[in-house]
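Student: As a plain string of letters, each chain reads:
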Amino acid sequence: MSDVVGAEMRALVWTGPREAVVQTLQALELAAGEVLVEVA
Amino acid sequence: MGHEFSGTIVETESETACSPALKVGMRVTVDPMVYDGTCLQCRMGRQHLCEHRNPIGAGRPGAFARYVAVPAHMVFVLPESLDLRTGALAEPRACAIRAASLMGDVRGADVLIVGAGAIGLLAVQALSAQGVGRVFVSDTNTGRLANATALGATTLNPLATDVVTLVLDATDGRGVAVSLDVVGKAVTRAQCVAGAWC
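First to last, the protein sequences are chains A and B.
Just so you know, our numbering puts 26 at position 26 of the first sequence, and the rest follows in order with no gaps.
Quick note, our numbering runs 1000 ahead of the 1-based positions in the second sequence.
Rather than coming from a laboratory, the hints here were simulated on the basis of the structure.
Every residue, glycine too, gets a C-beta built ideally from N, C-alpha and C.
It is possible that part of the hints are untrue.
[As the list claims (entries may be wrong)] Label-pair ranges, simulated between beta-carbon atoms:
hint	chain 1	residue 1	chain 2	residue 2	range
1	A	29	B	1133	48 to 56 Å
2	A	32	B	1040	21 to 29 Å
3	A	40	B	1046	38 to 46 Å
4	A	29	B	1107	49 to 57 Å
5	A	29	B	1193	40 to 48 Å
Isolated chain A, as found in the complex:
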């Protein structure tokens, strides 16, 4: 797991409902050929 995803997961574990954690992790998991963009 990347640092970016790990940090996001730790934040959600403390602040968000379980569904949000799962959905966010799925959204952040990079598949082959993908990049992760921090939204402006």
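Using the hints provided, position chain B relative to the given structure of chain A.
Tutor: Relative to the frame of chain A, chain B by itself:
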């Protein structure tokens, strides 16, 4: 939701072979209509009709979040001269330019745009750049109409007047050469047809 955005690359999947030029820290925007590139429509150059399209913000998680995972082939690097706020307008701007390009040579011709939201206002700019004549813009929101006026459009409010009657009167009964519905309701489509020269 969240298909129009810009941002900064913070991570690349290790096998991002299709766009090796993409690096962490690059400022980018995206084409949200993610296509597979292998189906018949894609092979025919009609990626927007991809049989397996999976749009960001519809089929995939969108940009109403801090991070978004995006296939590298849908990412476009912004030029240094373009700020991120403006870069987020690339996709809706492309929609407006595409619509304007489909109209053909409309130099000097009057046009009607029903709807003064983001797409409508961008269409005003795109059509003005093509040298159209008068641009009539209809909307019920006075704030949006003020924005259209600032862009040089002649504004009409259907809550206060009959849009089709005014357009026909202003064009000697002929109607505009081209009309554009950027609302998508039956009533707005009907206004576009009734106000156009057919």
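Student: If a hint holds in the structure, say so; if it doesn't, say that too.
Tutor: Right, here's what the structure says about each hint:
One distance hint, 48 to 56 Å for the beta-carbon pair residue 29/A and residue 1133/B, holds here, with the actual separation near 52 Å. The hinted window of 21 to 29 Å between residue 32/A and residue 1040/B holds, with their beta carbons roughly 23 Å apart. The hint said 38 to 46 Å for the Cβ distance between residue 40/A and residue 1046/B, and at roughly 30 Å that hint is violated. Restraint check, residue 29/A to residue 1107/B: a C-beta distance of roughly 50 Å satisfies the suggested window 49 to 57 Å.
A beta carbon spacing of about 47 Å between residue 29/A and residue 1193/B agrees with the range 40 to 48 Å that was offered as a hint.
The structure does not agree with numbered hint 3 stated previously, though it agrees with all others.
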